[in-house]
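There are 2 protein chains.
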Amino acid sequence: MAAPLRLGIAGLGTVGIGVVKIIQRHADLIAARAGRPVVITAVCARDRSKNRDADLSGYAWETDAVALAERADVDVFVEVMGGSEGAARASTEAALAAGKDVVTANKALLAHHGQALAEMAEAAGLAIRFEAAVAGGIPVIKALTEGLAGNQMRRVMGVMNGTCNYILTRMETAGLPYEHVFEEARQLGYLEADPNLDVGGIDAGHKLSLLAAIAFGTRVSFDDVQLEGIGQISIDDIRHAGDLGFRIKLLGVAQVSGRGLEQRMTPCLVPADSPLGQLQGGTNMVVLEGDSVGQIVLRGPGAGEGPTASAVMGDVIDLARGLRLPTFGRPATSLVEAVPAKVAAPAPWYLRMTLLDKPGALAKIATALGEAGISIDRMRQYGHEGGHAPVLIVTHKASRDDISHAISRFGATGVLVGEPVAIRIEEV
Amino acid sequence: MAAPLRLGIAGLGTVGIGVVKIIQRHADLIAARAGRPVVITAVCARDRSKNRDADLSGYAWETDAVALAERADVDVFVEVMGGSEGAARASTEAALAAGKDVVTANKALLAHHGQALAEMAEAAGLAIRFEAAVAGGIPVIKALTEGLAGNQMRRVMGVMNGTCNYILTRMETAGLPYEHVFEEARQLGYLEADPNLDVGGIDAGHKLSLLAAIAFGTRVSFDDVQLEGIGQISIDDIRHAGDLGFRIKLLGVAQVSGRGLEQRMTPCLVPADSPLGQLQGGTNMVVLEGDSVGQIVLRGPGAGEGPTASAVMGDVIDLARGLRLPTFGRPATSLVEAVPAKVAAPAPWYLRMTLLDKPGALAKIATALGEAGISIDRMRQYGHEGGHAPVLIVTHKASRDDISHAISRFGATGVLVGEPVAIRIEEV
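Chains as they are written, first to last, in UniProt numbering: chain Z, 1 to 428; chain A, 1 to 428.
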C-alpha cells in the first residue's frame, strides 16, 4: 500500500473536530477506499487549553496556521478556520507556496480570492478542493464539476443557507413574525456572529458565486451577485403565498442568457409542491439543470459537524486516490470574465398591496398594470377591513423594471395604502 | 493540450446516439473541461442501413462489437448495447483483454459478472465505469464512491425503475387498475421487451446490487436481492395507503446489520410527505445514508437519451481527466462475500383485509395479532358493504415472519374473507 497521505488541520472548531473524529473512527475503511492510509500529523488552533471533544494527543500542535501550512510532514493543508482574510487567507497562500494541496470549507475565502488562489495552485500543479464550502454534506461540487461535465449547464439554483430556511419554515409553521423567529434562531446558536452573513444572503451568495464559476466557466464574481436578504419577508406574505400554492425561499439562481450572467440570491416564491417548495427547516437543496441531463436535485444537510466533515473527507480521499482537477473544473487561466446581466430574466411576480375601499380601486390597479405592459395571471381580493382591501396579484412574465414601473404607476392612482410588496416567482 | 481520448461506441440505440450528439455538440466545452479533446473513432451496430438521428459518416463502422473493442484507435470502449451475455459480455471482455478502459450503461452485465470483470480490469490497471447503469442521469455512483467515501454507509435506498413509478403514479392519479396502466405503458413504449425486467423489479434489483457492493465493500450479489414486483399492487391499496398518509413505491433497500446484508427490491409504503413519497412519474430517486453525512437525497431522470448519455459522458470525461478508481471503489480482490441476511429488519406493516360482518370479528383479528406478538399502531374499519367490512391496520415494528404467522392465525378465526394484503412500511 502506498505511503500515507498526511494532513495538517487548521481550525479545531466543529468541522475540524468532525474531521479528526472520522479519521480516528474509520482509519481502516478510509485506507481501503483510498488505497493508502490517511493520517493527521499536525493541528492548529489558537487556544490549546480549550476542551475539545476528541483526543488530539497524537498530533503535533501549531498555534500559527502559516507554520502548520509549511510543515514538511504535511501533504494536504485542511483549512477549516473560516474568514476571507487574515489567518485563513495567509495560511492557504503559504500552503500553496510550500507545495501543499488545500482542502477548504471556506466559501468566503474562495468567493473573494478564488481566482488568484486557483491560478497560484494550478501554476504549481496543486489542487484546491472545496466541497465542504457549498451545501455542507451534499456532494454538489463533485456532481457539477465531474458528474455533469458533459452538459452545457442552463441554470443552477439552490437553497444553501439552512438558517434562513429554518427561519422561513418556522415563521410559516408557527405563524410567528420574522423578528421573533430571528431572535429564537440567535438564541439557538443558528446565526453567525454577524447575522447579516445569514439573513442578508451573503453566505449563500458566496456559495452561489462558486457554483456559477464551475457551471459557466467564468471567474468567480461574488460582487455581481444580486443580494437581498429575508428581513423584509412578512408572515402575511408567507401566508398569502401559501394560499396561492407557493412557498417563499431564499433562493440562489445563476444562469447565462443573451443578457449575460445572472446571479441572484433573493427571496423567491416557488411552487409549494416542487422539491424546492417542499424543503423544510435547515436542510439544503441544490438544483442543477443541464442541456442533456435535464434537472438533477440534490438534498441534504447543509451544515453541522458530521455533514461538513464528510464533505472535507470526500475531498481528502479524492486527493489520496490521486484524483486531481483544476479548482473550478477547467484551468483557472481559461475562465472568462463574466458579463453581468444588467437585468434579470423576466418572471412571473407576486404582488401584494392594500387598497382603499373605494369604487373602482381595483380597476385602477389593473389598468396601471396593463399600461406597464404586464398581464395578470391571477388576482385575489380579500374582504375589506376598516376600509382597506388586501389584494394579491400573480402576474405573467415581466421584468423587474416593468414591475417597478407599474408600482410607481400604482402610487399615482390614489387608491394605494402603504407600499406594495413584489416578490419574484421562480419557475422551477 | 494532451492527445485526444478516442472512443469506440458499441450500440447505436437511444443512449449511443445520445453520446454521439453530446460529443458533436460540445466538442470545445468537453475539451476545455477534460483538458484534452474527446473524439469518436469508431461505432458499431448490427444494421448500418437503419436511419439514425445523427451524422455518423466521420466514424469507422464495425458490425462486430468485439472487433470494435480490439481496434488500435480506440482508447475507451463505450458499451451501450445491453444484455448480460452475448455481444455485450464478449466485447467488454475483449476490450479489457486489449487494454481498453470500459464505460458501460449495462446494469445486467455488471450485476451478473461485475466481480469477474472488475478483477480482470484491475489486474490490467484498467477502469470500468458505470454511472449510466444506475438511476440514469443522477450521478449517484460518483456521489457514493467518491463524495461520501468518508462515511460508513448505513442504508442505501432508491426508486430506480421509472416505468414502475410511472405505473404506480398513474394508477393513483387516474384511479385505474394495474392491468390497464400496464397496457398503457406498453403501448407508450415504456416497457422492456420482457416487461418482467421492469415490473418484476429485476432491472431495479440489478441497480441495487451495484450500489450495495460500493456502499458495503461486498461482492455484487444480485442473486441475494429479494425481488417482488408491482403486479400485485391494487388500486385499493394505493387508495387506502393514501388515506393513511402513505404512497406505495417499488423501493430498493440495502443495509447491513448483525443479520448480514439485506437487499430488497419490493413494494413498500413510504410517508407521502417524504421525498420518496413525493416522487411522481418516471423520475428516479436515490437516498444515501452515511454515519457522518446523515441523509443525502438525489433526484433526477432515470432514463432517456439525454440523461443516460450525460452519465456516460461524465465517466468518459473522468477518464480523459485521468481520474481512475477501482470499479467498486476499492480493489475488487478486497471485496468480501456478503452474508445475506436471512430475515429483513423489522418494520411497521400495512395490513388490509376484509372481515365478515359478525360481532367480535375485529376483536378476533386484534387478538390474533397480539398472540403473534404484534402491536397495533393504527386501525381503521370502513363501512360494511354486503356483509363485508374492509379493515386497515398499521402495526408497530414486526418481522416478516411475525406478520406471516399472524396472517395464518387470521385464517383460523373464521372471520376473514379472501387473503389479507401485507406491505412493509419503510421508515425513511
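Note that these hints are calculated values from the structure, not bench results.
Careful: at least some of the hints might be erroneous.
To be verified - What follows is a set of in silico ranges between Cβ atoms, one per label pair, in the way DEER data are often shown:
# : chain 1 : residue 1 : chain 2 : residue 2 : range
1 : A       : Ile376    : Z       : Asp357    : 50 to 60 Å
2 : Z       : Ala3      : A       : Gly260    : 56 to 66 Å
3 : A       : Ala2      : Z       : Ala124    : 12 to 22 Å
4 : Z       : Val336    : A       : Arg219    : 43 to 53 Å
5 : Z       : Thr173    : A       : His384    : 33 to 43 Å
Unchecked claim - Computed footprint of chain Z on chain A; a stretch qualifies when at least three of its residues, placed anywhere within it, have a C-beta under 8 Å from a C-beta of chain Z:
# : stretch
6 : 27 to 37
7 : 76 to 83
8 : 147 to 157
9 : 286 to 295
Idealized CB from N, CA, C, for every residue including glycine.
Outcome of the hint check:
1. Roughly 56 Å separates the CB atoms of A:Ile376 and Z:Asp357, a value that falls within the hinted 50 to 60 Å.
2. Between Z:Ala3 and A:Gly260 the beta carbon distance is about 35 Å. The supplied range of 56 to 66 Å is therefore violated.
3. Hint check: A:Ala2 to Z:Ala124, Cβ distance near 19 Å, so the stated range 12 to 22 Å holds.
4. In this structure the hint that Z:Val336 and A:Arg219 lie 43 to 53 Å apart at CB holds, the actual value being about 47 Å.
5. Between Z:Thr173 and A:His384 the CB atoms are about 39 Å apart, so this pair conforms to the stated range of 33 to 43 Å.
6. Proximity of the stretch 27 to 37 of chain A to chain Z, defined as three or more residues with a beta carbon under 8 Å from a beta carbon of that chain, is established by the 6 residues found.
7. Coverage of the stretch 76 to 83 of chain A by chain Z is violated [criterion: at least 3 residues with CB-CB distance below 8 Å; count 0].
8. Counting residues of the stretch 147 to 157 of chain A whose C-beta sits closer than 8 Å to any C-beta of chain Z gives 6, which meets the bar of three, so the coverage hint holds.
9. Three residues within the 8 Å Cβ limit are the bar, and the stretch 286 to 295 of chain A against chain Z gives 6, so the coverage statement holds.
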